[in-house]
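Undergrad: Sequence:
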Amino acid sequence: MIELVSRIRRQSITGVVEAAIEEIAGDLDAPFHHNGETNNWSLSSAVTEVWSTDESERFINFCYHLPGLLTYEEQRIWETIKASPVFLDNDDTVMETWWEVEHIGHLDRGSISQFWEKLLEHVEEHKESRTIIPFEPPF
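FYI, my numbering numbers position 122 of the sequence shown as 122, with every residue one higher than the one before it.
Read the hints as simulated data drawn from the structure, not as lab findings. The structure presented is a predicted model; accordingly, all values stated were derived computationally and were not measured. Please note that the accuracy of each hint is not assured.
The calculated label-pair distances, taken between Cβ atoms and stated as ranges, are [as the list claims (entries may be wrong)]:
{"id": "1", "residue 1": "131", "residue 2": "9", "range": "48 to 58 angstroms"}
{"id": "2", "residue 1": "1", "residue 2": "116", "range": "35 to 45 angstroms"}
{"id": "3", "residue 1": "34", "residue 2": "10", "range": "34 to 44 angstroms"}
Glycine residues also receive a C-beta, built at the ideal position from the N, C-alpha and C atoms.
All chains should be modelled from the sequences, with the hints used to inform the complete structure.
TA: Right, dumping it as structure tokens:
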């Protein structure tokens, strides 16, 4: 059926799938957290706010704005970030986040971006731990 739709619309199959997903996303509500409140936003509007070409930035935006949609693995990364002093705003912070994480403070986006790959390796290495092991930069 998708092939016939693509022929009728003179689109690629990928184009038909993308259009269908965009239509669904416009009709689907997502629990979006912003300015201390959670409200339903269309998924397409939420994605617009969360999207970034930088993977670490996109992840932090996702964690802040759509925390109820995190997988267990994503929660472990997020909890590790919040438990790691290297990622918290301090006197040396270059790129402070514009929003505040409750009971934590502001995060240093620059440090998160700088150590992103090492952070992911750290979380994977400690995935069997019953508790969150804070990340320490490899200096």
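Undergrad: All hints are to be evaluated individually against the structure, with a verdict given for each.
TA: Hints and how they fare:
1. The beta-carbon spacing between residue 131 and residue 9, approximately 53 angstroms, falls within the hinted interval of 48 to 58 angstroms.
2. Residue 1 and residue 116 have their C-beta atoms about 41 angstroms apart, which keeps the hinted 35 to 45 angstroms range intact.
3. Evaluation of the 34 to 44 angstroms hint for residue 34 and residue 10 yields a pass: the beta carbon distance comes to about 39 angstroms.
The earlier numbered hints are all upheld by this structure, with none contradicted.
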